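Novice: Residues per chain, in single letters:
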Amino acid sequence: MSGLQTIIDNCQGIEIDRRKVVGIQITRNEVARTSETPTFNPWKLNLTMPARLRYNEARSLMEQLDVLDRNTPQVVTFGNTSCLSWIFRYQGTLAPSQISTMTVSSFIGNQLVLTNLPAINSPRVMFEPNDLIQIGNYTFPFTSTTQVTRGTGANVTITTNRPNIISGGVVGAGLTVGNACQFYMFCPNMPTYKLYPGGAQYSAGGTLIGNALVEFTGDFQLYEWVATA
Amino acid sequence: MAQNIPQVQNTGAIKSAEFVKLTIFNEYSNAANVTTHTFSSAYKNETIDGDLYLALGGLLAVGSQNRDLRVTAGDTNISLSGVSGNNIQVVLDTKIRGSEVEVWRGFYDDNDVLGNSYLRFTGIITNYNIQEERSGTDDNFVVTVSASSYKTVLSNRIAGRKTNEESWKVFNPTDTSMDNVYSIAGVQFDFGKEPTASRGGGGGSDGRRDGGRQQQR
Numbered sequence: 001m002s003g004l005q006t007i008i009d010n011c012q013g014i015e016i017d018r019r020k021v022v023g024i025q026i027t028r029n030e031v032a033r034t035s036e037t038p039t040f041n042p043w044k045l046n047l048t049m050p051a052r053l054r055y056n057e058a059r060s061l062m063e064q065l066d067v068l069d070r071n072t073p074q075v076v077t078f079g080n081t082s083c084l085s086w087i088f089r090y091q092g093t094l095a096p097s098q099i100s101t102m103t104v105s106s107f108i109g110n111q112l113v114l115t116n117l118p119a120i121n122s123p124r125v126m127f128e129p130n131d132l133i134q135i136g137n138y139t140f141p142f143t144s145t146t147q148v149t150r151g152t153g154a155n156v157t158i159t160t161n162r163p164n165i166i167s168g169g170v171v172g173a174g175l176t177v178g179n180a181c182q183f184y185m186f187c188p189n190m191p192t193y194k195l196y197p198g199g200a201q202y203s204a205g206g207t208l209i210g211n212a213l214v215e216f217t218g219d220f221q222l223y224e225w226v227a228t229a
Numbered sequence: 230m231a232q233n234i235p236q237v238q239n240t241g242a243i244k245s246a247e248f249v250k251l252t253i254f255n256e257y258s259n260a261a262n263v264t265t266h267t268f269s270s271a272y273k274n275e276t277i278d279g280d281l282y283l284a285l286g287g288l289l290a291v292g293s294q295n296r297d298l299r300v301t302a303g304d305t306n307i308s309l310s311g312v313s314g315n316n317i318q319v320v321l322d323t324k325i326r327g328s329e330v331e332v333w334r335g336f337y338d339d340n341d342v343l344g345n346s347y348l349r350f351t352g353i354i355t356n357y358n359i360q361e362e363r364s365g366t367d368d369n370f371v372v373t374v375s376a377s378s379y380k381t382v383l384s385n386r387i388a389g390r391k392t393n394e395e396s397w398k399v400f401n402p403t404d405t406s407m408d409n410v411y412s413i414a415g416v417q418f419d420f421g422k423e424p425t426a427s428r429g430g431g432g433g434s435d436g437r438r439d440g441g442r443q444q445q446r
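Order-wise, the sequence lines are chains D and W.
As numbered in my numbering, residues 1 to 229 make up the first sequence, in order.
As numbered in my numbering, residues 230 to 446 make up the second sequence, in order.
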């Protein structure tokens, strides 16, 4: 078991929060006006854990969570288990070999331009809305906000959900898509855990080796660690 | 002066970020010896007016600034993160008081690309504060600097020089106009009458004792 990844793999509910920093005012004649600050717009995931982990089987997990505490980020993914891999499944029509040939031509603002495109028919869909895109080894996934088809040009432009927050060079970098993308998250509220009787287990010799289930005191509110983006 | 900002015209939605520039003067006598710190609430480093504003500088908040038609004095506060940064060192180990502050607002287009930027506030740091907020196992530091606009600075300024030899020669060492002030200070004069040899003589009523009086300008 591996810290936050185990929590993701075993949680019973996920709330995804990608809301931006905005101000909203409604005038006296009911005209809405908004202002927005283009921020790093980090991923925020709220994970609810069931109280079903047996303590004696989860002791390593407890230790890893205690070591991570509220200030240590960890790379996690949703492609770890078949039970979760559908969440961010790639919805486009490209084969993995075709994806691996594409590289970034430029990424300015929220306009991601790809080049070295596969030779496929122009109507073929490359990305559907909400498809995850990771650039190089930067574990800060973006999503495509619109459907992107191949077209006939040498490049395609993807409008991403957030602007390019990566401070390093991205030109020429390859892509990872869908559930293979990785997130760099930490848990600023890291809940504590409570043991209560249940799930008794005995060794082959009949010795009681565990008699408690683990209940966390709250949800895991994961927050993307963008300080190293 | 009225400012034309096309990014906020004919639209109900604007995108903007704030940029703060702090210029610390390291030497009183050398205005070129400065250290500049820049912070922003933007998602990436941006260059405005030749200065690179850091997205990871730790800007937490910028206080409100008065906007009036006539010139009015206004103060503002700028909060910076004191966690894992050098901001505490900046206020404790530098000549932060008297530093110049500029607050800019930059406007973004629909593609999150920075367009024009406008200077909103110019002033100097008059005070700073480091606050530790510890509650249970939560421990945070916030550095706040207070800045006054130049209007406030000028209102509080006392300028001028004294009518004595020392003060008079600050601006012009060859000016001997006040060389005799010390010798005649306290002496009463009857103008038009032959001066007496001893100090304090005379007895006229129009004597002048202004050896230390300030001349306001």
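Derived from the structure by calculation, the hints contain no laboratory data.
Be careful, since some hints might not be right.
[To be verified] EDC-like mimics (lysine to aspartate or glutamate), calculated; alpha carbons at most 20 Å apart, straight line:
(1) LYS20(D) - GLU57(D)
(2) LYS20(D) - ASP339(W)
(3) LYS20(D) - ASP322(W)
(4) LYS250(W) - GLU331(W)
(5) LYS44(D) - ASP17(D)
(6) LYS194(D) - GLU215(D)
(7) LYS194(D) - ASP17(D)
(8) LYS20(D) - GLU331(W)
(9) LYS44(D) - ASP69(D)
[Claimed, not checked] Derived DEER-like restraints, expressed as beta-carbon distance ranges:
(10) SER384(W) - ARG33(D): 44 to 52 Å
(11) ASP278(W) - PRO118(D): 39 to 47 Å
(12) GLU63(D) - GLU361(W): 37 to 45 Å
(13) THR192(D) - ASN262(W): 46 to 54 Å
(14) ASN137(D) - LEU281(W): 44 to 52 Å
(15) GLY241(W) - GLU57(D): 53 to 61 Å
(16) ASP280(W) - ARG28(D): 56 to 64 Å
(17) ASP367(W) - THR152(D): 36 to 44 Å
(18) ILE234(W) - GLY174(D): 22 to 30 Å
(19) GLU63(D) - ASP278(W): 31 to 39 Å
(20) ILE234(W) - VAL31(D): 13 to 21 Å
(21) GLY169(D) - ASP280(W): 19 to 27 Å
(22) ARG363(W) - MET62(D): 51 to 59 Å
Remember, it's a predicted structure, so these values are computed and weren't measured experimentally.
C-beta: ideal position from N, C-alpha, C; glycine also.
Novice: Does each hint hold? Answer for all of them.
Specialist: For each hint, the structure was consulted:
Annotation: proposed proximity of LYS20(D) to GLU57(D) is violated, straight-line Cα distance about 39 Å (limit 20 Å). The straight-line distance between the Cα atoms of LYS20(D) and ASP339(W) is roughly 14 Å, inside the 20 Å bound, and the hint therefore holds. At roughly 36 Å between alpha-carbon atoms, LYS20(D) and ASP322(W) are farther apart than 20 Å, so this suggested pair is violated. With a C-alpha separation of about 5 Å, the suggested pair LYS250(W) and GLU331(W) falls inside the 20 Å cut-off, and the hint holds.
For the proposed pair LYS44(D) and ASP17(D), the alpha carbon gap of about 5 Å is at most 20 Å, so the pair holds. Restraint check: the Cα-Cα separation between LYS194(D) and GLU215(D) comes to about 5 Å, which is no more than 20 Å; the hinted pair holds. Restraint check for LYS194(D) and ASP17(D): not satisfied, since their Cα atoms lie roughly 27 Å apart, outside the 20 Å limit. A hinted pair counts as satisfied when its Cα atoms are at most 20 Å apart, and LYS20(D) with GLU331(W) does not qualify at roughly 26 Å.
Note on LYS44(D) and ASP69(D): the hinted pairing holds, with a Cα-Cα distance of about 17 Å set against a maximum of 20 Å. Between SER384(W) and ARG33(D) the beta carbon distance is about 36 Å. The supplied range of 44 to 52 Å is therefore violated. For ASP278(W) paired with PRO118(D), a C-beta distance near 44 Å keeps the hint of 39 to 47 Å intact. The beta-carbon spacing between GLU63(D) and GLU361(W), approximately 30 Å, falls outside the hinted interval of 37 to 45 Å.
Roughly 52 Å separates the CB atoms of THR192(D) and ASN262(W), a value that falls within the hinted 46 to 54 Å. Separated by about 25 Å at the C-beta atoms, ASN137(D) and LEU281(W) break the suggested range of 44 to 52 Å. The hinted range of 53 to 61 Å is satisfied by GLY241(W) and GLU57(D), whose Cβ atoms lie roughly 55 Å apart. Under the hint 56 to 64 Å, the C-beta atoms of ASP280(W) and ARG28(D), about 40 Å apart, miss the expected range.
For the hinted restraint 36 to 44 Å between ASP367(W) and THR152(D), the CB-CB distance of approximately 56 Å leaves it violated. At about 41 Å, the beta-carbon gap between ILE234(W) and GLY174(D) misses the expected band of 22 to 30 Å. The given range of 31 to 39 Å is broken by GLU63(D) and ASP278(W), whose C-beta atoms sit roughly 52 Å from each other. Our hint of 13 to 21 Å for ILE234(W) and VAL31(D) holds, since their Cβ atoms are close to 19 Å apart.
Against the hinted window of 19 to 27 Å, the Cβ-Cβ separation of GLY169(D) and ASP280(W) comes to about 22 Å, which satisfies the hint. The hint said 51 to 59 Å for the Cβ distance between ARG363(W) and MET62(D), and at roughly 26 Å that hint is violated.
When each numbered hint is compared with the structure, violations occur for hints 1, 3, 7, 8, 10, 12, 14, 16, 17, 18, 19 and 22.
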